[in-house]
Structures are given as C-alpha cells and as structure tokens.
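Student: All chains, please: the whole structure from these sequences, using the hints.
4 protein chains.
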Amino acid sequence: MPVPQHVFDPPFNIVRSSHVVLDVVDLNKSVEFYDNIIGLHVEDRDDTTAYLRGSEEHQHHSVVLRKAEQSAAARLGFKVGSEADLDKAGSWFAEHGVLYSFVDRPFQGRTLHVTDPFGFRLEFYATMDKRPHLLRRYERYKGCHPQRLDHFNVFAAETQDTIDFYARLGFRLTEYAEEDGDGGRIAAAWMHRKGNVHDFAITNGKGPRLHHFAYWVPGPLNIIHLCDVMASRGLALERGPGRHGISNAFFLYVRDPDGHRIELYCSDYQTMDHDHEPLRWSLRDPRRQTLWGAPAPRSWFEQGSPFPGQEVREPVFVADVVIAD
Amino acid sequence: MPVPQHVFDPPFNIVRSSHVVLDVVDLNKSVEFYDNIIGLHVEDRDDTTAYLRGSEEHQHHSVVLRKAEQSAAARLGFKVGSEADLDKAGSWFAEHGVLYSFVDRPFQGRTLHVTDPFGFRLEFYATMDKRPHLLRRYERYKGCHPQRLDHFNVFAAETQDTIDFYARLGFRLTEYAEEDGDGGRIAAAWMHRKGNVHDFAITNGKGPRLHHFAYWVPGPLNIIHLCDVMASRGLALERGPGRHGISNAFFLYVRDPDGHRIELYCSDYQTMDHDHEPLRWSLRDPRRQTLWGAPAPRSWFEQGSPFPGQEVREPVFVADVVIAD
Amino acid sequence: MPVPQHVFDPPFNIVRSSHVVLDVVDLNKSVEFYDNIIGLHVEDRDDTTAYLRGSEEHQHHSVVLRKAEQSAAARLGFKVGSEADLDKAGSWFAEHGVLYSFVDRPFQGRTLHVTDPFGFRLEFYATMDKRPHLLRRYERYKGCHPQRLDHFNVFAAETQDTIDFYARLGFRLTEYAEEDGDGGRIAAAWMHRKGNVHDFAITNGKGPRLHHFAYWVPGPLNIIHLCDVMASRGLALERGPGRHGISNAFFLYVRDPDGHRIELYCSDYQTMDHDHEPLRWSLRDPRRQTLWGAPAPRSWFEQGSPFPGQEVREPVFVADVVIAD
Amino acid sequence: MPVPQHVFDPPFNIVRSSHVVLDVVDLNKSVEFYDNIIGLHVEDRDDTTAYLRGSEEHQHHSVVLRKAEQSAAARLGFKVGSEADLDKAGSWFAEHGVLYSFVDRPFQGRTLHVTDPFGFRLEFYATMDKRPHLLRRYERYKGCHPQRLDHFNVFAAETQDTIDFYARLGFRLTEYAEEDGDGGRIAAAWMHRKGNVHDFAITNGKGPRLHHFAYWVPGPLNIIHLCDVMASRGLALERGPGRHGISNAFFLYVRDPDGHRIELYCSDYQTMDHDHEPLRWSLRDPRRQTLWGAPAPRSWFEQGSPFPGQEVREPVFVADVVIAD
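Going down the list, the sequences are from chains C, F, Y and G. Following UniProt numbering, the numbering of the first sequence begins with 1 at its first residue and continues without gaps. Following UniProt numbering, the numbering of the second sequence begins with 1 at its first residue and continues without gaps. Following UniProt numbering, the numbering of the third sequence begins with 1 at its first residue and continues without gaps. Following UniProt numbering, the numbering of the fourth sequence begins with 1 at its first residue and continues without gaps.
Among the hints, erroneous ones may be present.
Which copy is meant is left open, because identical chains are indistinguishable; a pair holds if it fits in one copy or across any two.
No more than 25 Å apart at the CA atoms, straight line, and that leaves these computed lysine to any residue pairs for SDA-like [stated by the list, open to error]: (1) Lys-88 to Phe-317; (2) Lys-67 to Glu-158; (3) Lys-88 to His-276; (4) Lys-130 to His-6; (5) Lys-194 to Met-272; (6) Lys-142 to Phe-118; (7) Lys-194 to Glu-277; (8) Lys-142 to Gly-293; (9) Lys-130 to Gln-5; (10) Lys-67 to Val-318; (11) Lys-29 to Arg-136; (12) Lys-194 to Ala-84.
Keep in mind the hints are simulated off the structure, nothing from the lab.
Tutor: Here is the structure:
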C-alpha cells in the first residue's frame, strides 16, 4: 500500500543489474543451451565455469554458469559507479546489520558479497574486464540474438519490506500491482536504476527465489525464431510469446536445463525523467499480465530458483488474486 | 485410411478458393470489424450487403457480409477457369445427383449454386468485376494488412467421403492427420488447387460447419500487430499466435462479432509439383497442431458456423484423439 | 509492342523454374558463400560439384555449383509435369529446328538438354531425388533463410522474339515495361508458369546472359540480416534493399565470388487466375524499378553471366530509356 | 583531437533531449506530414501552432510546429532534473557570458531560453504537462509508429569548441570520427545524457544548422513501412534505409515539407556505465556512415535547417574526408 518515494541521493550508486551467477548440474548441457539455443556468446570457460555475454555488452560476462551439485541462483550481480561506491556500500550494509565481504572473482575487479535481509544473495562490482562489443559481428548472430541482460525478477516472502529496502538503495518504482481498496497491499513492484522499466522486480510469493532473469532482444521476430528453434530441438516453451500490459513487453519465458527461467523480451520504454510517475495496476486487471488474454501455466506462478543456503519462506500474505508478471 | 490419389484431369477446372459469403446480424458492427480491425478494404456496400477484399486481390470481393436474422456461413465461393467450366460443373453435379442452379450475384458473372452431398453450400463463378490491386497503396494499409483469401476449413461429419468427393473434383491432398495402426482413419485433410498447402481443409467433427476461413498476411509482425490492436479495442483472441506443424503456418485465430472464425496466417510452402507427396501426421503427434506446445482452447475444437438450412450431424466416427488444425 | 496472348494449352507442361547450374572457378569459396552467407543447405558435394537447396524444397538441389576454368551460367533448369512431357518437349524442339539430347545428370531423372534459338542453355526434367523439407529444422536456419528458388532473369538481345518464343511454351505475361507511343517496343517481360509473378523474366540487353536468379525468403528482416552479415564479412551489396514497383518485391541483389548475381526477395503476389491481366509499365515510370527512388548502380544494368559457348550479341534495339529490374 | 573527458558532476543536470520547435511555412501541410505520414500524435493545435508526441512519451509534446514566414529550426529543447537546475543553468550561462531569459511556453513549466556561443538556440525546462502514454493504444498506431524523440544532430562551424562546450555541460562522448595521424581533428561527435548513444551529435560543417532530429521506432519493419507509405504518397526518401556503423543504427532520413530532416531509427545500444569508453572511427573508414556501402546523396551532406537570426558560418576547418552520419 505505501508506495515508496524515489530516493534521488542513495547511499551508493548502483548503475544497473549486470549479471547472474547460476549453479548448474551439467555444465556442458547448460553451455549448449545458452550458447546454441539462446544465442549468447561464450567468452571464457573451463571445466567448472563458463562465462557468456550478449552481443552489445562490453562487459566480460552477464551469465556465469558454475558446475554444482545442486541447481541454484548463486548470485545476482549489480554494477556500481566506482570503487568508492563499493566501500560506501560495505559501510552502509554494515550499518544496517548486513554482513559483507570483499572477494576475488575472475574477470571482475574488487567484488562485494552480501546476502540482503530477505535472503537474496548479491554481488556488487565497479569494474569488469572489457571486450569489444559484437554488434557488428552479425555473422555470429544465433538463437534470438540476445543483446544485453536487462533485469532480475524475484519472489519475495516479505514483499513490502523488500520493496522498501531496495527503494532506499535508489531503485525507483515504475509500475506496481496492488490489491484494490483501502489497505490494498502491493503484490509486485518493478524498479529501475538504469532508465527503463526495471532492473529489479519483486513479486509476492515463496521466497527468496529467483523468478527469472531477462535478456533484451532486438525485436519480436527474434523471439519467434527462438520458439521455432526450441521446437525444432524438441524443447518446450513455458509461456508466450505474448504481450505484458506491465512494461508493454513482448515476452517469452523458457527454462534452462536446470529449470532456471529466462525471459526474452523487447519493447518497453524509457523512465529516466525525474518526474516519471509509477503506474498502478489493480491486481484484478488481467491485462497486467497479458494484454492478449492467454493464461500463464501454473509452473510460471509457482516455480523459481532458490538461493544456496537460503530457506524458502511462505509469503507474509497471500494476495486476493494470484500475481506475477 | 485410403489416401485419395490426385486426379490430374478433373471434370471441371476449379482454380482456387475465392470468397466467403457470411450472414451477420449487425452489418455495421461486422463491417467495422473486418475494415478497421482486420484491415480488409470495403469495395462496395449498401444497407444489406458489404463487399470487402485484401490488398493484392484484383477481384471485387473475397468477403461478402449480408445482413440476416441468424449468423451463418452462407456460401463458400470458388473460381473456375472459364464459363465452359461452369457448364461442365453443372452437368457433373447433375449426373451425381446434386441439384444446381445458375443465379445472378452482384459484381459476379454467371454463378452456379450447389449444396454438396454433405451439406456444404458452394458457389462457382468464372469472372468477377475487377479492381486495381492495392499493393502499392501502402498509405491505406491497416490492421494486419491481409493480402488475399487463402483457404476454407470445414467440419465434416463424413470425413472420408467428403475428402473423396473433393479429390474427384481435383483437390489434391498435401497433408493429412490419421489414426495410427491398420485401419487408422483419416481425421483431417488439407487439399489444394492453386499450388500451396490448401484451398480446402476437411476436419472430422459435427458437420457441415465452417471452422474458419483464412487470409494470408505478409508476415508474423502483421499478426502480432493485430493481437495488439484487438487487445487495445478490448477484443479477445481465440488462439495463437503460434506455429502449426501442419503447413508450417504462423497463425492467429480470432472471431468476428457473429462468432465466425477467421485465421490470419503466413509462411506455408508451394505444392505445384506433379510428384508432390502428401505428408502424413499421426493423430498422436502434438506438433501437428502446435509446434510450440501451447494448447488450443475448447472453443476452437468445438465451435463453428453452420450453413443455413443444413442440419448439423454427429460425425460418423470419433477419432481416438481430438483433432483439428 | 505486341503483347503475347496466354497459351493455355502449350505443347508440353513446364511446371516451374527449378534450378540453376553455375560454373565457378573456386568451388570451396562458392560453397562457403552459398552455404554460410546466403544460407542454402548443402545436400551433396564432391571435389568438382556441389548441390544445394532452400529450406522448403523437397527437391535434391536448386543450385548446382561446378568447378570450371571459367565462370558461366551453365544451365537454367525447369521441371516438367511428367516423363511424357519430356518426350513432347524433345519432339517440339526438333520440329522447331532446335537440337536436343537426353543426358544423365546426378540425382535427376531423364534430363533433356537444349539451347534455345537465342542461346539460352536449358535443361528439363520430370523427376529429381527427393529429400524431406527443412522447414521445421529451424535450428539449421542461417543467412537469409532462403526457402525456394523462385525465378530466372535474363538479358536477351532479341527481346520480342524471345518473349514470343517462351509465350508459345506456355509462359504467361504478368508485367511488362514498354516504350511509350505507337510502336513502343517491349523492353522487359515477366512471365510465369507456377502462379506467381514470374518463373522467367526477359530484359532487353546484350545477350544471351543470365542477369540473376532469385530465392524467395520469408520476409524483409531476413534480407536485412543478410545485409548485416555480408557487411560483417566485408562483402559488398550490389543493390538494395529496396522495393520494386514491378512485382511489388522487396529485394536485395548480391554477387557471388564469380560475379553471378543472386536476388533475395519476398512479397510478390498470386497470378493463377485464368483472366489475370498483365500490368503495363511505361519505360519512363521510375517507380517500375524502384518504388523508393534509390538508383541502381551501373553494374546492375550492365553486367551478367554469359552462357558457355554462346556469343554475346548487341541487342536488336536500344530502348529510349535504360531498363531492367 | 583532444577527446573530452566525461564531467560526472556538471553545473546543472540535463536529463535528455526532449523536443524540437520548428518554424514551418504551411502549418496544415506540416501537421499532415508528421501526423499521417510519420505517425506522431497531435496533442493540441490552433491556427498558429501544433504540438505532437510519440507513442511512449508522457510529455505533452516532442515536436512543436509554428506557422512562420520562413522555415527554420527555432529551438532545441532539453529537459532538466528540477526547477533548481534551471536556476543553476541560468547562473552558469551568465557566468560564461551567455544571455538567458525565462519565458512562458504553453504546456511547459518555467522555460529558460539561451543561444549558445555557437549560435544554437536552446530551451530548458523541468516540467511539462503530462499525458497518459499511448503504448497500449495500438489501434492508433500509424506511419512508422514513432515512440520517442531520441536525439538532435547539428552542423557546427567550430566543431572542437562546440564539443568541448557540451562536454562541460555533462554530455558524454560515445563515438567520434577523427582524421588520422598526429593532430587529426575531430570531425563529428556523438554525445549523450540519457544512457544510449546520443542526445546531441555535432558534425563539422557550415553552422549553426540543425542536420536532423531523430525518433526511435520499434524496429526495421516500421521504417520499411514508412518507405512504402511515402512512396505511395509520391514522397521521396532522402537516404536509406540502411545501417550506420556509428551507433549500429538502422536508419532512414526523410525531409518534411519545409526540408527539415527527420531520422527514423532503431537498434543502438546502452551507454550508462561509468567506465563506458568512446569508440573512435577513422574518417577514412566508410563503414562509419554506412555498414552496407550505399552512398549518401549530396543533399544529406550539405543541407540543414538554419536557426532564426543566426548567421551560418563556414567551418573552421575542412576535414580531409567529407563526414557526417
């Protein structure tokens, strides 16, 4: 119900969502999926870890796949504005009772690890090894031609508190879904740092879990081609293609070999104006989830990737309508 | 089970499916739908009848909307090669116990009316008033930019007999769906005259009824735009967008204000080779209906437009799997 | 000036243009171009010959590349309706003073070779080895996703006579470009057998030479992707992308390593109606060549592939406007 | 030659390029062009002025058309972060010898007018009347579906000085074209505030003049449709469609009835990272202007819109290669 106000002067400067670290049980199979089906580019790999990126990304990686005993969403990575921001971040987390550590991650500069109060495992960095972008390497295009990682979407058990926490870090609300009436509770929030609809979306549900991470693609035909490619390989789509009311996105959701969910999407809008106002959706408005009317499958509402070592909790409240986008 | 052989020398020459005549209860509402939503072009209209066509069609109309008390599929129209073919057609139908009449239809030359032995009401003509095509009138493009009527798809109660009947008229099988095993029955057939996948498709079910008629559009993005336009107008989609295994079509199904179903589709293939072989699909292969896996709604399997004065019969057999594409 | 009437009952039945045989000086380089850049599929190859096809083609090949000392357009291939048509073709050519021979070509049935009176080297066949189409093998899509060979376009020194000759074989005029005024001469003709704008186009110029052969692709974005892929490989485009007035085609022209010209195109229209009337263009109407106004380069008007052993002659007349599409 | 360093803490906060004010001699004709051809939406108009916007813009207008005796680029509009930024801006300009005034503009809050030292007439504002965006009003889409104003591109007579001036205001260099060798001079610069390739581009040439302003569209097919629509209306395209090496943009340039140039474009990339490095192009690399190789017409290099009352000067230097993108 209380919509967070935008904090124009946050304690440290998060530039944008940057990369996801995934634990996968069969590294070869996962690399095959992200490389040859989705169309990301392998930048480095060894027996235990693979690093991939989209075609416009100068950064070394936006997906890290790590061989593991159990599938999990290991870390959500954010880029900050400078090394000083890392130190400010550490101090701020410490002041707020969150343990932090600085770690060495391959191809990244100094990296700050924290687990937020709700169980989301994060990493922050200011610099990463750079590579020339691949935009003019059209001969290497494949899959759905993913250009850049765009955002994360998580299930949170304590939705309002989680939204408030990230609002204090400067994440700005662009759209939200809410129960109707006095005391109607917020059931989902889309928040950004970089100037489009979101870097981080928070959805009420059993959490902490990663619902999905999303890559931006050039247009709907790239997504349709991915549908055809996956069908040709005998792989199922989970949801879509379709159009969200939320964010106006043309979307497709697919699952990787471990069940991690990836969204391919395009056609949202800009939000960098200082007086940009958040858009409210009633939880009872079905156009929020799908402008076209096709229902999402049960799996899409219920399944997500846990974070290692983080117990999944029931949500504080169950909304009067099932939500998620 | 018995797949009809192609008759290279049929009793008269049907060139292609040409137009559909629909009975509608609210003419204004129907014209608004086909003109401003779908994007056909109104060529003529008065208080009782409207004539529309696609952008590449030189013929005066490919949809005729007639104000009526009851919604119905009034006629399926086919173009024949010459006036002589009309006379040959009349003779042939008479020989086979089918009554025929020649009637005057506005904007059409001499027109032959028959109701086939299964209750499908047909009309044949050799010439129709011509109009310059609208391909280079891009400023008039709207909706999904429908270019041409492509085919009809009907529910037939006597599937095998209906297929055999149209095979004798020269319709050629391109794809079909069949029960597995010895004695497996054909449950759906796609048959053409003009050199692509179909002019006429026959599906097992309560019949005679029109399942849908289809317009060919330039590409998938035109269909996606129609989804968005319909959603913007508060109109529901029935099925799709998606990809059929059958015919490789990228498809969308929507219903007009009377519930008549229209398919918008593209990306099938050519079939004019004399040695083109029909493609068999097992009824148990789900890729037939949808390459991507999204199920069709119940309405799509069950509902269709009756023909005026034709009693709808239960099918001769119920296939061991529900079918239709 | 005299526009040929359509011959509905030609001496033998040509179904459509089918394949081109090209002499190339560096087979590996040519295969690389057609396979990895254009996106055709190699069906067979050895040290001297490679066979490729488009994704919807059931036929074994639509391009044959033959290692040779000199680049040339070796043969234009057409499919006929039956073995009997081959014999009728042989007889007809003999009656009209054209030598013929039956030859064995790999993967083809009995094949008739003739050189027409104007020097165009042709081959006719009724059957070719078949392969399953690749439409539902989207994981193999590459380049511009060419689906099928669509047509040939040649420079003819004796334009009117060449048009008349092919009209007698049943090729039907769909569009033509003509000088204005009484006695205005036809400078280019688009003629079909299969029911779209053309199988064979004849352009006034130094001939006999092949101007280009064309593949149909799913849509404009496939062509735009090919532009980007070729640029990424450092390869130049010759003309386009653009829109022809003629045939409404969205087009791109590129040259293979031997300079053979290939057109990638989409979005023409159907022409199988018996009363379809040819569309006349004044040679002075620039929209004929390009609806958008960008001029074609000099090479496009002047260069073409000679046929082996056929002397290239100056055209009988020079039109009052340079033509070609 | 000296590449400006990014000023992270500029004297006032410019959020992005926002709108252009154009003087036009025939208001009806201009509105017709931007509304029915390009596809912008008229938000308000009277006898002397019309206000239009793109489909995703919440702001009241991004193009203002004013009836005038002479065609001109009246003002380039930028949005700042707050009212306080307007005051800071006034002070800063005054300190640097630039006169300023606050004016009332319809539908805008307090508006600051300045003419920069090079003759570019600017206006800054913090708030503008808001309207609901039109993204989910697909039934209103027309033309090329322009979504938002993206950037301005100007001819500057004093290129290096102009670049340095805007760098001090916080515009950040993303790409630039430079003569080769020691002392090679910068001939064009692309600079941003909002996080993509540019808000403001500066090109060496007779200045001050506006080269073009650009709208972002959803994808290449929208641009191709505009080509077809303009051709259908008998309107010429100036340049494109094509692909710039610079910014990776798929582009089209057209001229409005007064000759003002508008670019329709898509497919650039994000640049908000604090360590994003500018990309250098040699002036001798033709891929900068066009990845595909088609030359730009002379008009595109030479013509631009003057600013009222600002004398157009010859450039300080003439680059050793003609430039502009």
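Student: The structure should be examined with respect to each hint, and the outcome stated for every one.
Tutor: Now the hints, each set against the structure:
1. In this homomeric assembly, Lys-88 and Phe-317 never come within 25 Å of each other (Cα to Cα): the closest approach is 34 Å inside a single copy and 47 Å across copies.
2. Taking the shortest alpha-carbon separations for Lys-67 and Glu-158, neither the intra-copy value of 31 Å nor the inter-copy value of 57 Å comes in at or below 25 Å.
3. In this assembly of identical chains, Lys-88 and His-276 lie within 25 Å of each other by CA distance solely across copies; the values are 22 Å between and 27 Å within a copy.
4. With identical chains, the CA atoms of Lys-130 and His-6 are at most 25 Å apart between copies only, with a shortest distance of 19 Å across copies and 32 Å within one.
5. Taking CA atoms no more than 25 Å apart as the test, Lys-194 paired with Met-272 passes in both settings, with 8 Å inside one copy and 7 Å between copies.
6. When the C-alpha separation of Lys-142 and Phe-118 is checked against a cutoff of 25 Å, the pair qualifies neither within a copy, at 37 Å, nor between copies, at 45 Å.
7. Within a single copy, Lys-194 and Glu-277 get their C-alpha atoms as close as 16 Å, and across copies as close as 17 Å, so both meet the 25 Å cut-off.
8. In this homomeric assembly, Lys-142 and Gly-293 come within 25 Å of each other (Cα to Cα) only across copies, at 22 Å, whereas the closest approach inside a single copy is 30 Å.
9. Only between protomers do Lys-130 and Gln-5 lie at most 25 Å apart by alpha-carbon distance; the minimum there is 19 Å, versus 35 Å within a single protomer.
10. In the homo-oligomer, the alpha carbons of Lys-67 and Val-318 never lie at most 25 Å apart, since the shortest distance is 35 Å inside one protomer and 51 Å across protomers.
11. In this assembly of identical chains, Lys-29 and Arg-136 lie within 25 Å of each other by CA distance solely across copies; the values are 23 Å between and 28 Å within a copy.
12. In this homomeric assembly, Lys-194 and Ala-84 come within 25 Å of each other (Cα to Cα) both inside a single copy, at 19 Å, and across copies, at 23 Å.
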